[in-house]
Amino acid sequence: MLVLTACGKASVANEDIKTRIKTSPTIVWGVKTDTRLFGLINIESREIEGFDIDIAKALTTEMLGKNGKAEFVEVTSKTRIPLLKNGNIDAIIATMTISDERKKVVDFTDSYFDAGQSLLVKKGSPIKSIADLNARTTVLAVKGSTSAINIRAKAPETKVLELENYAEAFTALQSGQGDAMTTDNSILLGIAEENPDYELAGGNFTDEPYGIAINKGQEPFLKEVNHALETIRANGTYDKIYQKWFPKK
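Quick note: the sequence shown uses UniProt numbering, first residue 1, plus one each step.
None of these hints come from the bench; they were simulated from the model.
Quick caveat: nothing in here was measured; it's all calculated off a predicted structure.
Certain hints may be false.
Stated by the list, open to error - Here are the in silico distance ranges between beta carbons for each label pair:
1. Lys69 x Arg46: 14 to 22 Å
2. Thr26 x Pro126: 47 to 55 Å
3. Ala135 x Glu194: 27 to 35 Å
4. Ser175 x Thr19: 48 to 56 Å
5. Ser99 x Asn195: 23 to 31 Å
6. Gln177 x Lys66: 19 to 27 Å
7. Asp197 x Asp114: 23 to 31 Å
8. Pro25 x Gly236: 46 to 54 Å
9. Pro25 x Asp110: 45 to 53 Å
10. Gly217 x Pro25: 17 to 25 Å
11. Thr171 x Asp100: 14 to 22 Å
By construction, the Cβ of each residue, glycine as well, lies at the ideal position given by its N, Cα and C atoms.
Sequences and hints are given; from them, build the entire structure.
What follows is the structure, encoded as structure tokens:
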């Protein structure tokens with residue numbers, strides 16, 4: 001399965017997606033490729049793998065049948081909404097929190113995953129919770145994420161350094177450019193599993209329900225995706241995918 005670049009496939013931004021996919025059975029999903037457990041390139045196979053990827057495939061099959069095709073375009077927290085608005089992708093399934101601010105520019109499906117924001121620190125760090133953040137601490141976040149907004153609201157005195165993606169943010173944490181990294185707990189758990197010298201601190205301090213984002217004006221397609229999501233929950237497909245990626249939960 002190839003991961004397309006943003007210019008690899010573009011559709012007309014205001015076309016009716018539900019009508020198009022009935023005659024051309026392909027859905028183009030915007031996904032993360034740097035997020036362990038959700039969307040990450042397997043170095044050996046060069047395939048993209050993760051919970052979001054498997055959910056997108058299941059939804060595509062449910063909507064279009066076994067001959068339906070799921071294509072994936074790499075997005076970041078910063079680029080995903082512009083790519084959707086420009087018609088480069090049909091939907092975003094990329095650890096995207098449903099928020100009132102985002103609802104002004106995109107529509108969301110029902111929530112498909114419940115996360116919560118937390119902190120990642122090096123083991124032995126004096127930071128044990130968000131209460132330990134102050135004017136002398138620096139927290140690393142990703143540009144365009146709700147995490148950066150939330151941490152400024154929850155710990156207004158701390159400095160916030162925003163990086164392009166999770167890999168850059170974690171590298172900055174390792175190099176001492178920050179005292180903690182913040183994003184959703186599910187993403188941080190994936191990083192900690194690969195880097196045992198790091199751990200989550202203090203539990204969650206927000207609720208972060210993930211939704212699939214679809215462009216405004218695409219209500220028939222939105223309804224179809226929601227129906228497919230409801231169906232894979234009812235027939236057990238969702239649970240199988242969840243247990244595959246989160247077996248300890």
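Do the hints match the structure? See the list:
{"no.": "1", "hint": "Lys69 x Arg46: 14 to 22 Å", "verdict": "18 Å, holds"}
{"no.": "2", "hint": "Thr26 x Pro126: 47 to 55 Å", "verdict": "51 Å, holds"}
{"no.": "3", "hint": "Ala135 x Glu194: 27 to 35 Å", "verdict": "32 Å, holds"}
{"no.": "4", "hint": "Ser175 x Thr19: 48 to 56 Å", "verdict": "50 Å, holds"}
{"no.": "5", "hint": "Ser99 x Asn195: 23 to 31 Å", "verdict": "29 Å, holds"}
{"no.": "6", "hint": "Gln177 x Lys66: 19 to 27 Å", "verdict": "48 Å, violated"}
{"no.": "7", "hint": "Asp197 x Asp114: 23 to 31 Å", "verdict": "28 Å, holds"}
{"no.": "8", "hint": "Pro25 x Gly236: 46 to 54 Å", "verdict": "24 Å, violated"}
{"no.": "9", "hint": "Pro25 x Asp110: 45 to 53 Å", "verdict": "23 Å, violated"}
{"no.": "10", "hint": "Gly217 x Pro25: 17 to 25 Å", "verdict": "21 Å, holds"}
{"no.": "11", "hint": "Thr171 x Asp100: 14 to 22 Å", "verdict": "32 Å, violated"}
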